[in-house]
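Chemist: Given the structure of chain A, go ahead and fit chain B onto it with the hints provided.
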Amino acid sequence: MTAAAPPTLHRLLAGTRPDGRPLSLIEHQNQHGVLPAPTRHDAQDLRDALRGAGLRGRGGAGFPAVRKLAAAWEAGKRGLVIANGAEGEPASLKDRTLLGRNPHLVLDGAQLAARATRAREVVVAVHEVGRLPVVVADAIAERRRSDVVPTRVLPVPARYVAGEASALARAAGGGPSLPALHDEPLAVRGPNGRPTVVLNAETLAGIALYLRRGPQWYGEIGTPDEPGSVLVTVRSDRTPALLLELPIGIPLRAALDAATVDTDELQAVLVGGYFGAWLATPAALSTPLSHAGLRQAGGVLGAGIVMALSRDECGLRATAEAVRYLANESAQQCGPCLNGLPAMATALENLASGAPPEGTLERVIALCGLVTGRGLCHHPDGSAALVRSALMVFAEDVIVHLAGDCHRPAGKALNVPVVAR
Amino acid sequence: MSKQLRLRVDWAACDGHGLCEQWAPELFTRDEWGFPVVADGPVPDDALEHARAAILACPVLALKLLPYG
Numbered sequence: 001m002t003a004a005a006p007p008t009l010h011r012l013l014a015g016t017r018p019d020g021r022p023l024s025l026i027e028h029q030n031q032h033g034v035l036p037a038p039t040r041h042d043a044q045d046l047r048d049a050l051r052g053a054g055l056r057g058r059g060g061a062g063f064p065a066v067r068k069l070a071a072a073w074e075a076g077k078r079g080l081v082i083a084n085g086a087e088g089e090p091a092s093l094k095d096r097t098l099l100g101r102n103p104h105l106v107l108d109g110a111q112l113a114a115r116a117t118r119a120r121e122v123v124v125a126v127h128e129v130g131r132l133p134v135v136v137a138d139a140i141a142e143r144r145r146s147d148v149v150p151t152r153v154l155p156v157p158a159r160y161v162a163g164e165a166s167a168l169a170r171a172a173g174g175g176p177s178l179p180a181l182h183d184e185p186l187a188v189r190g191p192n193g194r195p196t197v198v199l200n201a202e203t204l205a206g207i208a209l210y211l212r213r214g215p216q217w218y219g220e221i222g223t224p225d226e227p228g229s230v231l232v233t234v235r236s237d238r239t240p241a242l243l244l245e246l247p248i249g250i251p252l253r254a255a256l257d258a259a260t261v262d263t264d265e266l267q268a269v270l271v272g273g274y275f276g277a278w279l280a281t282p283a284a285l286s287t288p289l290s291h292a293g294l295r296q297a298g299g300v301l302g303a304g305i306v307m308a309l310s311r312d313e314c315g316l317r318a319t320a321e322a323v324r325y326l327a328n329e330s331a332q333q334c335g336p337c338l339n340g341l342p343a344m345a346t347a348l349e350n351l352a353s354g355a356p357p358e359g360t361l362e363r364v365i366a367l368c369g370l371v372t373g374r375g376l377c378h379h380p381d382g383s384a385a386l387v388r389s390a391l392m393v394f395a396e397d398v399i400v401h402l403a404g405d406c407h408r409p410a411g412k413a414l415n416v417p418v419v420a421r
Numbered sequence: 422m423s424k425q426l427r428l429r430v431d432w433a434a435c436d437g438h439g440l441c442e443q444w445a446p447e448l449f450t451r452d453e454w455g456f457p458v459v460a461d462g463p464v465p466d467d468a469l470e471h472a473r474a475a476i477l478a479c480p481v482l483a484l485k486l487l488p489y490g
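If you read the protein sequences in the order shown, they are chains A and B.
For the first sequence, this note's numbering assigns the number 421 to the last residue and increments by one with no breaks.
For the second sequence, this note's numbering assigns the number 490 to the last residue and increments by one with no breaks.
So here's chain B without its partners, still in its complex pose:
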């Protein structure tokens, strides 16, 4: 079984550009100010590809996958 991962947001870097939501809509929504709301729990295996795309798309490099738990 592969190790579970979670998405970590660098909240000081994040400016709410919203590209994460575009690249991984199943993992991100946005609050009323445009900042991402990350889905709870570990990233499902079938969403990892989208998560990695969102990480690369973030213009301020605020996203990272870290071990869950």
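Next up, chain A with everything else stripped away, as it sits in the complex:
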């Protein structure tokens, strides 16, 4: 059953070109207007305006953006704002599309976040491959005279952990793109003692829209607690990957319909990304696409990714492919991740093979517990969460596999990159 697809919104992506060429500063200002000028108590006024806005991070963790700004301000030192456009999720299209089509909206948000914390610098992190380093550098050059806070682009390796907040903070300070030990929140005390506010590109674009248009306009769509729109990447084995801008809180089914995914053919969706969670369909189809809605259903909004698994694909094999990829993407710094993730991938591959050795399921479960909480970053935790949700949602499949039977392929819904090693 496919209802009429909802129209895709144009807020964050308003006025952008389908061919992907970026908006110039003038074109951007014609679309969205100019940035609000600094007021007498600019930092205070901006933070006040954002309080109660309900803007949560769109990178993965969904942390309230205003709390990071407040923490940096209260730290009492002038630091930096990092715009995170270096999304590690291979399944996501959103940040690179947003930055590529309208870098100025993200740069506006970064300026406002920097002004709200009296930061000395804005750093825009993007993957070093592709056109984004040039697109963003050109956009920065275009607005150099009007920007209050100096801005630079930071190209980082296109690796999963390179986009992790502490890895970005470290790279911004001239270090390697690897997660760093930090006993205090980065916003309080990042590398070199500087308060370091890391906000996802979409989060910053949301801040820019909210502070321009005000809470009433912003909240015309979305839910009372989570106003506005969200960028959602929908993938399945049968349909082209699609980026949609949708009202927060719209049912999961509407996102799948908009991407022309046949929901009758599905057995489950992976929401959030590789660090997200599987949800069984059709039960999950009415779940609201919001932080609160997905959380209540056992999922996460994460980076706004919805990956649809057909009935003729094997969820355990698909998960095993993703976990092997995540194991290869470990920064190789921390023993439990370096050793535990490959072991977890092997155990899951054994389970998914349909001919698992004795004790395989017990080993998968034990390794999930063993790696969790034992690393500088949440790479092992996120990987274990994915495996746990797979064991729950595909519990019947697990029994079938333990009995030595599986003939379904992994499919391509998760878009796991092929890693040559």
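Among these hints, one or two may not hold up.
Unchecked claim - Among the chain B residues that face chain A by a calculated CB cut under 8 Å, a handful are:
| id | residue |
| --- | --- |
| 1 | Asp431 |
| 2 | Trp444 |
| 3 | Asp452 |
For the record, the hints were derived by calculation from the structure and aren't laboratory data.
The C-beta atom is built at its ideal place from N, Cα and C for all residues, glycine as well.
Modeler: Frame of chain A; chain B shown alone:
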């Protein structure tokens, strides 16, 4: 009531030497690769002395006591 503390491991520094387990066996076990597994929750008051001994014994200074919660 004294403030509760937790043991923090610098996982990038830790090489799994295992001295922590020797000095504070009630607080540490080791996984199959030799890396420490720290007991959940705050360090009990009567184990603080052992925790401090383990911190001093760690050859790569990977351990630290931080406020719990």
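Chemist: Confirm or reject each hint.
Modeler: Evaluated hints:
no., hint, result
1, Asp431, "holds (5 Å)"
2, Trp444, "violated (19 Å)"
3, Asp452, "holds (6 Å)"
Violation of the numbered hints given earlier is confined to hint 2; every other hint is satisfied by the structure.
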